[in-house]
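J.: Chains as they are written, first to last, in the numbering used here: chain A, 1 to 303; chain B, 1 to 303.
Derived by calculation from the structure, the hints in this document are not laboratory data.
DMTMM-like mimics (lysine to aspartate or glutamate), calculated; alpha carbons at most 25 Å apart, straight line:
1) 253(A) / 8(B)
2) 171(B) / 141(B)
3) 55(B) / 226(A)
4) 93(A) / 237(B)
5) 138(B) / 269(A)
6) 93(A) / 107(A)
7) 240(B) / 41(A)
8) 55(B) / 41(A)
9) 138(A) / 164(A)
10) 183(A) / 263(B)
11) 55(B) / 74(B)
12) 93(B) / 41(B)
13) 183(A) / 118(A)
14) 55(B) / 96(A)
15) 77(B) / 225(A)
16) 113(B) / 207(B)
17) 103(A) / 41(A)
18) 253(A) / 19(B)
19) 77(B) / 100(A)
20) 258(B) / 207(A)
What follows is the residue order along each chain.
Protein chains: 2
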Amino acid sequence: MITPYFLENFWGDKNNGFDVLYHNMKHGQISSKELSDFIRERATIEEAYSRSMTKLAKTASNCSQLGTFAPVWDVFKQSTEKLAACHMELVRKLQELIKEVQKYVEEQAKNHKKTKEEVASTLEAVQNIQSVSQALQKSKENYVNKTLEQERMRKEGATQRDLDKAGLKVKKATETYKSYVEKYANAKTEFEQRMTETAQKFQGIEEEHVLRMQEIIHSYCQSVEETHIQIGEVQEEFVKNMENTSVESLIQKLAESKGTGKERPGPIEFEECNVSIATEGANPEKGKPLPYQADGEIKTQIP
Amino acid sequence: MITPYFLENFWGDKNNGFDVLYHNMKHGQISSKELSDFIRERATIEEAYSRSMTKLAKTASNCSQLGTFAPVWDVFKQSTEKLAACHMELVRKLQELIKEVQKYVEEQAKNHKKTKEEVASTLEAVQNIQSVSQALQKSKENYVNKTLEQERMRKEGATQRDLDKAGLKVKKATETYKSYVEKYANAKTEFEQRMTETAQKFQGIEEEHVLRMQEIIHSYCQSVEETHIQIGEVQEEFVKNMENTSVESLIQKLAESKGTGKERPGPIEFEECNVSIATEGANPEKGKPLPYQADGEIKTQIP
Chain A
1 MITPYFLENF WGDKNNGFDV LYHNMKHGQI SSKELSDFIR ERATIEEAYS RSMTKLAKTA
61 SNCSQLGTFA PVWDVFKQST EKLAACHMEL VRKLQELIKE VQKYVEEQAK NHKKTKEEVA
121 STLEAVQNIQ SVSQALQKSK ENYVNKTLEQ ERMRKEGATQ RDLDKAGLKV KKATETYKSY
181 VEKYANAKTE FEQRMTETAQ KFQGIEEEHV LRMQEIIHSY CQSVEETHIQ IGEVQEEFVK
241 NMENTSVESL IQKLAESKGT GKERPGPIEF EECNVSIATE GANPEKGKPL PYQADGEIKT
301 QIP
Chain B
1 MITPYFLENF WGDKNNGFDV LYHNMKHGQI SSKELSDFIR ERATIEEAYS RSMTKLAKTA
61 SNCSQLGTFA PVWDVFKQST EKLAACHMEL VRKLQELIKE VQKYVEEQAK NHKKTKEEVA
121 STLEAVQNIQ SVSQALQKSK ENYVNKTLEQ ERMRKEGATQ RDLDKAGLKV KKATETYKSY
181 VEKYANAKTE FEQRMTETAQ KFQGIEEEHV LRMQEIIHSY CQSVEETHIQ IGEVQEEFVK
241 NMENTSVESL IQKLAESKGT GKERPGPIEF EECNVSIATE GANPEKGKPL PYQADGEIKT
301 QIP
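Isolated chain A, as found in the complex (with noise of 0.2 Å):
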């Protein structure tokens, strides 16, 4: 249970508390539509980023298939399009969200728009007090001065007829400010009734609001919580693959997938010719390349 802090301090003599509670709770109106634009540009950042990070993954394989690092870009591309998927996942997240707060910025217009109409009959009261108020003032004013024309006529010696005149002004004068006076108390009591339980009625508002307000950022929180944590998994992976990616495994890889061959030249020896083999057939030795034989295509040149 909260002290009721609204129905403590919102009374005083210039009695506009009722006024500043109820701007108050509209207050909340424009607050809801605040952290809705708040998440929602949130979530336009978010999802910038992501498609940022989709054009850097294809950066990623984009770059060079050759060379001995040439293997690791996959794994920068493999990190990065995670990275990207994590913040559009939060995105949609952030997206889901707002729809909530949406519905809650409705709700809450329909409930003020019920509260105006419940709290009429207080805006009454307090402008019933205001003008009574205001009467009796003028009523305790008008008595007094006719009070004073009457003593003033007596001291004058004025005519009995009009002495009897002033004597009835004074009696009206009198009644009216005595029936002020039980108005006032009348709409003092009102007012102070309505005040209290409307006071109490705003505060409830007030805290219903905060505490959904409360819950929307709670969710908007934990959505935010979630990204991180799959982002400190994806940074990980990436770091645990960078570290099996070893020296070795590359230059071997690059060796297996480059490699030209495990035979080194072979030794070449004088061959004396056989007159006899070679006018046997069509002269057998024409094409037959030496074992080691530069076919003039590859010249070795260094660009």
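Got chain A; can you put chain B on it based on the hints?
T.: Then chain B, alone, in the frame of chain A:
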């Protein structure tokens, strides 16, 4: 000590092992430039994210300062600003790292230039074994042709003078062939020796290159991880601040800042006009307000 993969796998009868290894080394320059570009792009993404967060913090600080929820925006603003700062700190670290990568890129280019000079004799040995192999093949063919020509002439009963002439040609062709067999043996020895050294050198260069790249990636990961931890702390602080912002404290804060007063309207009773006092002074009742007086200005209206 890493297995000498390059020494084992870059022979083969096509003899372009040197060429492949040399180009592989040169690809290393592309890789390091690409890594630098990748980190630069990441830094650009982080910078854009940070600037968007700064903008979002401004959105939070521009949110309504009215209503019960208003103080919460300050928590949003501070947290979002800190988030922006975390990402900007990452940008700073990545920019430092890019400078280091640039240094490596330059160093690497210099080393490759030096290596090009150092392997020049290997290139020569490659080109030599290529041309000697070709010449050997040709001289062998010539020797066979000349021998068969002499045999053909003998069978066709050529003059002694012509046979002597043909014999001289065979002798010359034999000498040339033999000399190329010898030259080939030398070229082969030279080539094997040079290629053995150079393949090892190239592997050493690749090992060094991959290690440097891994160091850079390690630095990159470290910066990303540090930022991740900082972001986690900011998020945790935000959650804690939200938890500390109780509904009661917000209600109390509003009551304190917007409260209109604690005093309820007082009772007003009928006051009889005391003529003797009233006429003594100059109408002292006039101007003295009622304990509860509506001044007509505060006319509570619901908008």
